[in-house]
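Engineer: The residues making up each chain are set out below.
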Amino acid sequence: MDAVEKANAERQKRWVKDRKVGEGTYAVVYQGREASTGRKVAIKKIKVGQFKDGLDMSAIREVKYLRELHHQNIIELLDVFSSKTNLNLVLEFLDSDLEMIIQDRSLVFLPADIKAWMAMTLRGLEFCHRNFMLHRDLKPNNLLIASDGQLKIADFGLARDFADPGHKMTCQVITRWYRPPELLFGCRYYSSAVDIWSVGCIFAELMLRTPYLPGESDMDQLKTIFRALGTPTEEDWPGHTKLPDYVPVGQFPRTPLRDLFTAASGDTLNLLSRFLVYEPRKRISVRDALNHAYFFALPHPSHPSKLPKPATQTSRPLEELDGNVEMAGAGPGVKANAPNKLKRKLTSPDGTELRPLARRLDFTQLAKHS
Amino acid sequence: MAADSAANVVDAQVNSSIGKISLYEGSTQYKSWRYSPEQLERIRISLNVAAVAAIRNTFEADEPGSSSNVLFLGAGEEQLLVKLYITKIPQLCGHFRFPEEVEATAISYLKRFYLKNTVMDWHPKNVMLTTLFLATKTTNNPISLESYTSNIPKTSSSDVLDLEFLVSQSLNFELAVWHAHRALWGIWLDLQSLPDVTEDLRPQDIYDIAIKHVRASRFTDAELIYTPSQIALASLALASPLLAQRWADSKAPPGSIQPLSETMEPTLGAIKYIITQMGHPPDVEAVREVDRRLKLCKNPEKVPGSKAYLARQAEEQRRAEEKRHKKAEDVRRAITESNPFGNELNDDEKATQLAELDDDD
Ligand SMILES: Nc1ncnc2c1ncn2[C@@H]1O[C@H](COP(=O)(O)OP(=O)(O)OP(=O)(O)O)[C@@H](O)[C@H]1O
Ligand SMILES: [Mg+2]
Chain A
1 MDAVEKANAE RQKRWVKDRK VGEGTYAVVY QGREASTGRK VAIKKIKVGQ
51 FKDGLDMSAI REVKYLRELH HQNIIELLDV FSSKTNLNLV LEFLDSDLEM
101 IIQDRSLVFL PADIKAWMAM TLRGLEFCHR NFMLHRDLKP NNLLIASDGQ
151 LKIADFGLAR DFADPGHKMT CQVITRWYRP PELLFGCRYY SSAVDIWSVG
201 CIFAELMLRT PYLPGESDMD QLKTIFRALG TPTEEDWPGH TKLPDYVPVG
251 QFPRTPLRDL FTAASGDTLN LLSRFLVYEP RKRISVRDAL NHAYFFALPH
301 PSHPSKLPKP ATQTSRPLEE LDGNVEMAGA GPGVKANAPN KLKRKLTSPD
351 GTELRPLARR LDFTQLAKHS
Chain B
1 MAADSAANVV DAQVNSSIGK ISLYEGSTQY KSWRYSPEQL ERIRISLNVA
51 AVAAIRNTFE ADEPGSSSNV LFLGAGEEQL LVKLYITKIP QLCGHFRFPE
101 EVEATAISYL KRFYLKNTVM DWHPKNVMLT TLFLATKTTN NPISLESYTS
151 NIPKTSSSDV LDLEFLVSQS LNFELAVWHA HRALWGIWLD LQSLPDVTED
201 LRPQDIYDIA IKHVRASRFT DAELIYTPSQ IALASLALAS PLLAQRWADS
251 KAPPGSIQPL SETMEPTLGA IKYIITQMGH PPDVEAVREV DRRLKLCKNP
301 EKVPGSKAYL ARQAEEQRRA EEKRHKKAED VRRAITESNP FGNELNDDEK
351 ATQLAELDDD D
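Chains as they are written, first to last, in full-length UniProt numbering: chain A, 1 to 370; chain B, 1 to 361.
Quick caveat, the hints were computed from the structure, so don't treat them as lab data. The model shown is predicted, which means the values in this text are computed figures rather than measured ones. It cannot be assumed that every hint is accurate.
[Unchecked claim] Here are the simulated EDC-like pairs of lysine to aspartate or glutamate, each with C-alpha atoms no more than 20 angstroms apart in a straight line:
id : chain 1 : residue 1 : chain 2 : residue 2
1  : A       : K84       : B       : E174
2  : B       : K298      : A       : E92
3  : A       : K6        : B       : E329
4  : A       : K13       : B       : E321
5  : A       : K17       : B       : E174
6  : A       : K17       : B       : E329
7  : A       : K17       : A       : E92
8  : A       : K6        : B       : D159
9  : A       : K84       : B       : E315
10 : B       : K88       : B       : D190
11 : B       : K327      : A       : E34
The following block holds chain B by itself, in its conformation from the complex (with noise of 0.2 angstroms):
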């Protein structure tokens, strides 16, 4: 696992100074939610060659021969275009000035829904429309439909109610996440009361440094590798590595040997690497390259209207409706044998019986 014992000592330390150890490690977050480097990088390889695959199988049942020509896009290359549109929820957020925990909640579920689906299904640009919107209603900031959509040019309220339910599903209704932004507060409180850090040694502006590197952490992959708390140390890290190095060693467990900022210096110089060398928008050039091709490479079935929609759609419905008649036909056997004079069942009561039946599934 990433994290480190002793940074996981510091986590809860954190977690208890701000008083949530108990939540935070019994989060869906910490369960669900964290990776090493290289499961992320398996899980989006097979993501992306199980999407070619099948994408590949449809172009052909439509024409054959006709995916030869076809150049779909690599993991790096869909990574490439979720991280344009991660870029773009801040820029959002700051028009609608939405709160912080609202541009962190709806980053975390793009990147999370990034790692049960593909950018040739779902083009992120929808995507991320409707992570936006969902998180302002689980952070308890929510605004109506209509004016979040009329303040966004060209987006009409089904560009971002269609992906509602399949972002919930993917994010596996697990809609509470842990920020940093919040780690690093509780780091900055903890300060003030150390006897031996003096007001001058902690002026604001290194906070604002650090709270501009946990803003930076957000267009990489930090939050999905290390715990928040270790991302705001790393950031505060890179602000003023006197502070952080204080605070970590006045949460050493009593009788340690060696000072925790030590301990910890491996998982913070990984985490300070990716914030300086991943922390920014991608080239603008890049991706566009990337969005052209993608146009040409989409899954034919998630486009509304094409022949490859329509006759998946199809199939949707008649394996419902197949589903419906069996479900209907046992109902109506057990009612008969369950009653000797079955036939004699008067039809108000059949009614009542099937109407409890749960047509939906």
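If we strip away everything but chain A, and leave its shape as in the complex, we get (with noise of 0.2 angstroms):
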């Protein structure tokens, strides 16, 4: 045996497969344990071999990405192994995920709750953007929860660096209902600010208990974006009519968030506000939103083992986790994983950041010494 495999299947013992939990699109999900300890992992195993260009992009993000990211709210990736031509991620083991809480109505949630999933939401991403790294998916099924109480953003499949400002990106990115305008307006040059709105999205759903913006299509998702917020002017977003698929999607007046936050404090509202800001250059970033008055004021942030989680989490039925399946209890005709699907269409090697050569080349002749 050559030493690189002796070396993985040393790795590959150190960790046991007990019962199948989930399946995503690119990948089972395993509850397993390491041999040695007893703690409970879980595994993901990627199926390669399957794809006509190799090794799929969501794979190699994800591990390229988590390897190198350590923080307590982002989740941990213990090892990595293969077996035949599956890639094996060893993950920390995560009960539940923001989405399960937030549609389980048996729950009751305090602004202090909601003030520290929002803190612990935004100190895994400060550390992304310190790095230089755009999530690109932010959602709450993609915020899991630990034993513990402690969020932890997952799902690093569409992440990726922004080092090079100026650099050309897909606007194929983020679950519909998290997008933010400008990248629904194909905006190619965006930066952390598209983080930032997923964001306030989640903070917004939070507060209501069901998806804040909810669009129905890519189309729609504009519309609701506006009729929720108003349309934005010149003045709020200069520039935004000439982006290259701008489109006018009709006339909305602004409504103040309190109609629709009614409990909401001042600084909560003002924190929303600064999230979901237009112009993405005068959204706030993740290092001033840590610092504003909304997480200095009372109520202090829970403790993350007060928090409210789901008393079934346990035994999840399996059914649950396809993806396919309504939560029990959800909100109105709101499926679970239905914008996933999504995303993971526009991941394929197929999708639209695998553009044909001959496009690359000018692209990269254009981004030469940038």
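Dock chain one against chain two, each of which comes alone in its own frame, and use the hints as you go.
Structural biologist: Here is the structure:
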């Protein structure tokens, strides 16, 4: 046996798969444990060798970034090994996700709970942005919750670096309901502000207990956003009518956030409005958000161990996990995983990030020495 | 460790000046891919010795006495061949107009691969093609395999894909690489804000010369020994000692007595030496001779279709089969034992439980 195979076999022996707990589009997830300690882990088995372009981009991104990122609010990748032509990611085991918690009608959220989840999300995101990484798929379903209540950002299948300003990027990222207007208008030079918009949508969803901006198509998404926040004027967002996919979608008046978020404090609404600023450059940065008065005002954020969690988490039935079945107690007609399907389609090997060579060459020439 | 403490200070400074200190120090490159020159030599020799022994065995198993006349490659010769293929990466990247990030990443992968494998098992030509293709993806510049292979003469998609998994495994799935050309850019930006570095002190051609030295360093072991910032600073020092000194001194921690440029001199000197002495393509004639000999001593187990290759495959299949049987048996036993009415467990249930068995490991 080669040294490389031997090393792999040894890694593989450290981990035991116990049972299947879920299935994503490109991976099957098992509950397992570390053989020597019994520590519970999740083993995400990614099928490779089925893609005509070899290792799939989502798998590559996920492994690449999780290998490097170590932070309390980012899911920990404990090990990577391969079995035949499968890639296995050993992840810390996380009992639930924020989507399940939001949809569990038996749980009551206090403002302090929401503040704690927001602080943990922003801390994890601050670490990504500080290290010039965009997540590009923030949503409640990708914010996993550990048994001690810690929130962990997961699913780095769409992440990328943004060290090069002015580097053209695809706008086909972020699940629709959490996608900012600049991406919906086809903007290809964007920044960390795209993740901030998603955080704003999540913040609103935590208060409303239902998705804040659930558009039914990309076009309808813009309409949904403008209906909620008012159609932007040239003054709100200079130059937006010049963006590649700009289309007028109708004039809607701006209604005060207060009308919908009746119980929220002034600080809460102020922070929410700064996440949801149209002009990306004026949108609050993650660092400023963490220093916002909201986090210093009372009530203090709940301690993670005191946060609400689903009662039935130990025995999640399997059907709930495979994405097509409506979650028990979900909001009206909200299918838990529907937007995911969209996301995966976009990252398939035929997806938009994979441009034909001719176009790529033009573009790299432009980008040279940038 | 090769990095002395003053250099580390500078490194931290450079990295924080480009905002990346925390990630770099927690990076897989920092933790898994830095060696001393002696470590590198030891690793290469022991890989070479183990490979020669294994291949000799295979030859003998096939035909006793057949290995005695074979002139196996030495570790230095393996290195020479790898170096030749390293120099082919910039050529290919020029052809495809890939960004510099792709080129530098592919080269790092190729070097790292041969710290886990030997050329007698895997010829660097295909490994090079695979590392480059993988690098286009890991740096987020993917192109389709079709357009990749159709632009490289005599290359099929299996030449690239067959090794992709082995390459990723050898890299330990540590795919992020930190590069000296980025660090150099960071230093260059810093220089523009130093008060005592006026514009006429830093003409563009100094940067151009420095980046050439960074590129030359890719043909050497420098990146396996030193940090990107150290290599960048040494490259700048080759282009302009004055600028390198000004920059280093501006980064000295407050209250230090000795200028940082002095403390760092030994490290920078060593890197400058590596770049100027080793930073060029190898002599093609010498490599050709090595490649000729490689044809006679490569591992037959890795030559598809050969007797040894088929024997090894059969053995692997047998082992996998055995494992699957054992596992299925275990599950069957578990089902029967856990159910007092084991025999009455209906077939559907049995089928589902068996289906959930992960049969590929
Ligand atoms: N770290 C983990 N701990 C526990 N369960 C997990 C973990 N990661 C994933 N799971 C479970 O496995 C399921 C599939 O996860 P995966 O990340 O592959 O796909 P997904 O994000 O749910 O779906 P999609 O592929 O459509 O985005 C999840 O829904 C979750 O129930
Ligand atoms: Mg997900």
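Engineer: Look at each hint and say if it fits the structure.
Structural biologist: Consistency of the hints with the structure:
1. Of the supplied pair hints, the one linking A/K84 and B/E174 holds, its CA atoms being roughly 19 angstroms apart against a limit of 20 angstroms.
2. With a C-alpha separation of about 42 angstroms, the suggested pair B/K298 and A/E92 falls outside the 20 angstroms cut-off, and the hint is violated.
3. Only pairs whose Cα atoms come within 20 angstroms are accepted, and A/K6 paired with B/E329 is rejected, the gap being roughly 26 angstroms.
4. The straight-line distance between the Cα atoms of A/K13 and B/E321 is roughly 18 angstroms, inside the 20 angstroms bound, and the hint therefore holds.
5. Of the pairs offered as hints, the one joining A/K17 and B/E174 is violated, with about 23 angstroms between alpha carbons and a cut-off of 20 angstroms exceeded.
6. Proximity of A/K17 to B/E329 is assessed by CA-CA distance (about 17 angstroms); at most 20 angstroms being required, the pair is judged to hold.
7. Between A/K17 and A/E92 the CA atoms are separated by roughly 13 angstroms; this keeps the pair inside 20 angstroms, and the hint holds.
8. A hinted pair counts as satisfied when its Cα atoms are at most 20 angstroms apart, and A/K6 with B/D159 does not qualify at roughly 24 angstroms.
9. Taken as a hint, the A/K84 and B/E315 pair is honoured in the structure, with Cα atoms around 15 angstroms apart against an allowance of 20 angstroms.
10. For the hint pairing B/K88 with B/D190, the CA-to-CA distance comes to about 33 angstroms; that exceeds 20 angstroms, so the pair is violated.
11. Taken as a hint, the B/K327 and A/E34 pair is honoured in the structure, with Cα atoms around 19 angstroms apart against an allowance of 20 angstroms.
Comparing the model with each earlier hint shows violations of hints 2, 3, 5, 8, 10; every other hint is respected.
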